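2 protein chains.
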Amino acid sequence: MGFTFFTPGPAALYPTFEQHLKTFVENQLGSISHRSQQYRDLHKFTVDQLRTLLNVPDTHAILFLGSASEAWERILFSTVELESFHLINGSFSKKFYDYSNALNKYAHKFEKPMGEGFLAVDVEVPEYAELIATTHNETSSGVQMPVAEIHKLKQKNPSKFIAVDMVSSAPYPELDYSIIDTAFFSVQKAFGLPAGLGVWIVSERCLEKAKSIRNTYSIGAHNDLLTLWKNAQNNETPATPNVMGIYLLGKIAEDFNRIGVQNIRKETEHKANLLYKFIEKTPGFSPFVKEKAFRSQTVIVVDSEIPSADIIKTIKEKGMAIGSGYGAGKATQLRIANFPATSVEETEKLIHELGKL
Amino acid sequence: MGFTFFTPGPAALYPTFEQHLKTFVENQLGSISHRSQQYRDLHKFTVDQLRTLLNVPDTHAILFLGSASEAWERILFSTVELESFHLINGSFSKKFYDYSNALNKYAHKFEKPMGEGFLAVDVEVPEYAELIATTHNETSSGVQMPVAEIHKLKQKNPSKFIAVDMVSSAPYPELDYSIIDTAFFSVQKAFGLPAGLGVWIVSERCLEKAKSIRNTYSIGAHNDLLTLWKNAQNNETPATPNVMGIYLLGKIAEDFNRIGVQNIRKETEHKANLLYKFIEKTPGFSPFVKEKAFRSQTVIVVDSEIPSADIIKTIKEKGMAIGSGYGAGKATQLRIANFPATSVEETEKLIHELGKL
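For the protein sequence lines, the chains are A and B, in the order given.
The letter at position 82 of the first sequence is residue 82 when you use full-length UniProt numbering, and the numbering goes up by one with no holes.
The letter at position 225 of the second sequence is residue 225 when you use full-length UniProt numbering, and the numbering goes up by one with no holes.
Calculated from the structure, these hints are not laboratory results.
If you're wondering where the values come from, they're calculated on a predicted model, not measured in any experiment.
Hints are supplied without guarantee of correctness; some may be wrong.
Identical copies go unnamed one by one, so any copy, or any two together, can satisfy a pair.
What the hints assert, rightly or not - Mimicking SDA-like on lysine to any residue, the simulated pairs with C-alpha atoms at most 25 Å apart in a straight line are:
(1) Lys109 <-> Ser218
(2) Lys330 <-> Asp41
(3) Lys313 <-> Val25
(4) Lys292 <-> Asn263
(5) Lys349 <-> Glu26
(6) Lys316 <-> Ile32
Given only the sequences and the hints, what does the whole structure look like? Please build it.
Structure (structure tokens):
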């Protein structure tokens, strides 16, 4: 087939994926015990590579979950006794809020329409909210919250916990973990791996909160923070982990580190720039996100006069896949993923074909 | 390497695993959208194959989780308002009990020492317990609860829910789902796949209970039964699933169906018989589980006079891996997995080498 996927996740697999998978299979790593030194070394390798890539200090653990959605639940269980607060401007930030209600917490929200973004100065955090839930990159609408605004929001509210959903942007956002309490992402987006693994970065301060509330409120049973943290000290997980996913993630993170995360970020911005410029100048296309500062660098959402299904079909014939809009935008929007797995050349090819429509 | 793994999980990969993985990669299935018809067909294929293999009626959904441990939590959330009851005779049945406490339920237990098993006639279920948690195969001790006893226990207590942990035995136990409310397993045991996926079989009756309690008690947020069930009706999952794991599981289940589940069960019993006979007649070895009816067919635990570490080392030099005992049994016991991935010939080779010690 040799299709190029510009879909926002599951997305294109990173070019080195197949080689790493081959090594995994040849070394029979799918059969090793998750309580062996061989596993602990593999686990530590991945954590170390991610720590370097994302500049995560030792105050924060890097933990593995079944998916990033699971992180929503675990963060709420660990840091919220009673009240959380959510910035909502799309389907995924809304789900974080829904999770809080489903756990019988009181969830406050500050909601904006799809396509709009948040500045720290506009946000009033309710007095008793224990957690501020932010979304760096809203995969449904292509809105990003600038990292500087996330940092400012925490600085304005130093006693609250702040969580950053970077599911579809990590390793692009350069978060300062001396400020950020917890963040999480999936591997099937910008890391170019098959789905089935979530990564949760979480501070000692969150751990202390979880310890302090557990006698009054349940902090969950499966992958509860205390047990995850304790196992992580020994480079293990409480349950049998997705060893294949953890291995592959470590190898991709190593590849990213070889290239240098700043180079990856620069190339991401370069390709995003090519796409936005093309969309702005091409009749029939316009960026869904009007405010430039809020435009995602990793998921570009395009308003299209031609029905999106027709464009997707035409582009498919050229050997490329792009996503439709999310929810209400399904028929009239395109979502184009801009992850490290797709090269400048492939991006230029996509632009070339879109230009011929 | 070409090592044969007789370890109880992660275990030997099924011989067809590599071919299925190759097909998955070649068809770029790691990049397909989990909201596409292509994914829904893949999902349905796996569910249909499992339904045939395990004889699961349409009254029960077959759902996918990040691991089997997650099923413990989801079953407790869905079926227990206040009180659960647990048959404990090893580390994994104990963990199911611990999960109930961690969710602030009142967990009753009937505990027996490691190596002993349960008969329905001995079990008195507390009056207000809503769920009876049983373990078909206690991976830590090599004790099985005969399927007939599990069925009897439910028949004695028809108003209670009964859950069956078959993590390290499915597809061996022939459960009757007109009686059993819910059961679950992992793919890294008898299905011979890499870890990272749990399978949860659950009845409409559990769904109704979850619906009835959700206004008073949280039934969880991530992978809660109502949302999982609703998505499953459409052959989807709430969050991005482990598409690779689900695909591979479907193909292995299809392979098992081609062989016939009764043939797989017969071969399992044949190989278990070879192992137990050898252990019983060989000086220095004895089965840890004294009562024959309670001896696991899939995880054989052996008391050894020679330190287990020495035996594991010698066997490793012969190209085979066997497990040590669990917890307190680590130094003096061996655990030998007997899953479909290891052939009669490989089992005979292991017995031959153990006989030379």
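With identical chains, the pair Lys349 and Glu26 could be close in the same copy or across copies; at 25 Å between alpha carbons, which is it: within, between, both, or neither?
between (35 Å within a copy, 23 Å between copies)
How do Lys316 and Ile32 come out at 25 Å by Cα distance, when the copy is not named: within, between, both, or neither?
Between. Shortest inter-copy distance 13 Å satisfies the 25 Å Cα cut-off; intra-copy 40 Å does not.
Within, between, both or neither: how does the pair Lys330, Asp41 come out at a Cα-Cα threshold of 25 Å?
Classified as between: cross-chain Cα gap 21 Å, same-chain 44 Å, threshold 25 Å.
Within, between, both or neither: Lys313, Val25 at alpha-carbon 25 Å:
Between copies only: 23 Å across chains, 36 Å inside a chain, cut-off 25 Å.
25 Å Cα cut-off: does Lys109 pair with Ser218 within a copy, between copies, both or neither?
Answer is both: 23 Å inside a copy and 20 Å across each meet the 25 Å cutoff.
Should Lys292 paired with Asn263 be assigned to within, between, both, or neither, using CA atoms and 25 Å as the limit?
within (22 Å within a copy, 64 Å between copies)
Checked against the numbered hints given earlier, the structure satisfies every one of them.
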